[in-house]
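Just need the whole structure built from these sequences, with the hints factored in.
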Amino acid sequence: MDLRREVQQFLTGMRARLTPEEAGVTIFGGERRVPGLRREEVAQLAGVSTTYYTRMERGNLRGVSESVLQSLARTLHMNEVETQHLFDLARASEGARTSRAKPQSSLPQRATQLLDAMGDVPAVALGRLGDLVGANSLGRALFPHLFPENGEPLNHTRYLFLDDRSREFYVNWERSARQSVSGLRLLAGRDPGDRALMALVGELATHSPEFRTWWAGHTVAVHTSGTKSIRHPVVGELTVAFETLALGSTPDVRIATYLADPGTPSADALDLLRSWVATTHTPAESEPSTHPGQRQDDHRT
Numbered sequence: 005m006d007l008r009r010e011v012q013q014f015l016t017g018m019r020a021r022l023t024p025e026e027a028g029v030t031i032f033g034g035e036r037r038v039p040g041l042r043r044e045e046v047a048q049l050a051g052v053s054t055t056y057y058t059r060m061e062r063g064n065l066r067g068v069s070e071s072v073l074q075s076l077a078r079t080l081h082m083n084e085v086e087t088q089h090l091f092d093l094a095r096a097s098e099g100a101r102t103s104r105a106k107p108q109s110s111l112p113q114r115a116t117q118l119l120d121a122m123g124d125v126p127a128v129a130l131g132r133l134g135d136l137v138g139a140n141s142l143g144r145a146l147f148p149h150l151f152p153e154n155g156e157p158l159n160h161t162r163y164l165f166l167d168d169r170s171r172e173f174y175v176n177w178e179r180s181a182r183q184s185v186s187g188l189r190l191l192a193g194r195d196p197g198d199r200a201l202m203a204l205v206g207e208l209a210t211h212s213p214e215f216r217t218w219w220a221g222h223t224v225a226v227h228t229s230g231t232k233s234i235r236h237p238v239v240g241e242l243t244v245a246f247e248t249l250a251l252g253s254t255p256d257v258r259i260a261t262y263l264a265d266p267g268t269p270s271a272d273a274l275d276l277l278r279s280w281v282a283t284t285h286t287p288a289e290s291e292p293s294t295h296p297g298q299r300q301d302d303h304r305t
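Take 5 as the starting number for the sequence shown in this note's numbering and just add one per residue.
Just so you know, these hints were derived from the structure itself, not from any lab. Please read these numbers as outputs of a predicted model, since none were measured by experiment. Built from N, CA and C at the ideal position, the CB exists for glycine as well. Accuracy of the hints is not assured; some may be wrong.
Mimicking SDA-like on lysine to any residue, the simulated pairs with C-alpha atoms at most 25 Å apart in a straight line are [what the hints assert, rightly or not]:
(1) Lys232 to Thr248
(2) Lys232 to Arg132
(3) Lys232 to Val85
(4) Lys232 to Leu276
(5) Lys232 to Trp219
(6) Lys232 to Ser186
(7) Lys232 to Phe246
Have a look at the derived ranges for each label pair, beta carbon to beta carbon [stated by the list, open to error]:
(8) Gln113 to Pro152: 22 to 32 Å
(9) Gly267 to Glu44: 56 to 66 Å
(10) Pro112 to Gly206: 25 to 35 Å
(11) Gly155 to Glu98: 34 to 44 Å
(12) Asn154 to Arg8: 39 to 49 Å
(13) Asp124 to Gly51: 49 to 59 Å
(14) Arg216 to Trp280: 31 to 41 Å
(15) Thr243 to Ile31: 56 to 66 Å
(16) Pro269 to Tyr56: 17 to 27 Å
(17) Pro269 to Arg8: 45 to 55 Å
Here's what the structure looks like:
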């Protein structure tokens with residue numbers, strides 16, 4: 005990826021979203037021709053010269069000190085994730101930027117056993133790019149499109165943007181899709197030379213107008229918990245709360261678990277899904293996929 009362009013888009017976006025009032029800048033009349041803060045205002049608030057800040061915003065973070073980066077983050081009201089992203093971009097600017105292949109995400113045996121032990125809780129294991137690398141029976145049943153009976157698991161990110169079924173499955177499809185984009189943006193800052201990431205972004209940008217638009221927005225975020233509302237083909241509409249568990253032995257893989265609030269229609273729907281799994285499935289099969297990122301071109305829009 006073009007690291008300079010990444011930095012430029014990120015800082016420009018951060019500056020544009022912050023109003024002078026929010027930043028504590030006094031305006032003395034006159035028409036403002038740019039949204040948000042001006043470069044000279046950011047520079048003054050961050051304690052650097054306008055020339056130095058302009059250099060940074062044009063994509064050159066090489067040699068910028070941690071104290072200046074922290075000051076810039078405070079000036080632009082960055083949250084913790086955005087601040088980390090800024091530091092990741094600065095760190096990447098210091099080293100040689102080479103394209104490289106990362107090992108494919110895989111599920112350790114102990115993690116497979118953990119999924120099996122969580123029999124009453126839907127759980128799926130995902131790699132860094134959204135590859136489905138494992139699941140227990142309920143996890144497979146909760147997300148049937150992602151685990152076709154006669155094929156390899158789908159990549160969740162591709163499913164969101166290239167499979168029309170995802171727009172019906174997720175009640176708030178746009179929120180889920182935007183969250184996926186913001187997570188990929190964060191990865192791009194940490195490792196801009198990741199070949200698999202670059203290939204996935206290129207594929208999605210080619211085939212999805214929504215992805216192109218949201219990727220250009222340069223929003224970064226981490227989504228480790230929250231709620232999802234889905235329209236399930238067997239048990240109907242339900243809302244589940246998800247929590248993400250990190251694996252210390254395999255940092256690129258995370259386990260997502262899904263629960264419904266007790267006494268709600270969603271809890272009843274989840275109970276119905278448990279009964280359906282018990283009567284229609286053998287104890288499954290949380291074994292990892294040998295090709296978790298395999299494309300499913302039959303459902304491309």
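For each hint, the structure was consulted:
Taken as a hint, the lysine 232 and threonine 248 pair is honoured in the structure, with Cα atoms around 13 Å apart against an allowance of 25 Å. Pair hint lysine 232 plus arginine 132 holds up; C-alpha atoms about 20 Å apart against a cutoff of 25 Å. Only pairs whose Cα atoms come within 25 Å are accepted, and lysine 232 paired with valine 85 is accepted, the gap being roughly 22 Å. Simply put, lysine 232 and leucine 276 have alpha-carbon atoms about 18 Å apart, close enough for the 25 Å limit, and the pair holds.
About 22 Å separates the Cα atoms of lysine 232 and tryptophan 219, which keeps this hinted pair within 25 Å; it holds. Annotation: proposed proximity of lysine 232 to serine 186 holds, straight-line Cα distance about 17 Å (limit 25 Å). For the suggested pair lysine 232 and phenylalanine 246, the alpha carbons sit about 7 Å apart, so the restraint of at most 25 Å is met. Checked against the hint of 22 to 32 Å, the C-beta distance between glutamine 113 and proline 152 comes to roughly 24 Å, which is consistent with it.
Restraint check, glycine 267 to glutamate 44: a C-beta distance of roughly 57 Å satisfies the suggested window 56 to 66 Å. Between proline 112 and glycine 206, the C-beta spacing of about 30 Å keeps the proposed range 25 to 35 Å intact. Restraint check, glycine 155 to glutamate 98: a C-beta distance of roughly 43 Å satisfies the suggested window 34 to 44 Å. Against the hinted window of 39 to 49 Å, the Cβ-Cβ separation of asparagine 154 and arginine 8 comes to about 45 Å, which satisfies the hint.
About 55 Å separates the C-beta atoms of aspartate 124 and glycine 51, a value consistent with the hinted range of 49 to 59 Å. At about 39 Å, the beta-carbon gap between arginine 216 and tryptophan 280 stays in the expected band of 31 to 41 Å. Restraint check, threonine 243 to isoleucine 31: a C-beta distance of roughly 44 Å breaks the suggested window 56 to 66 Å. Distance hint check: the CB atoms of proline 269 and tyrosine 56 are about 57 Å apart, inconsistent with the given range 17 to 27 Å.
Range check, proline 269 to arginine 8: Cβ separation about 51 Å, and the 45 to 55 Å hint holds.
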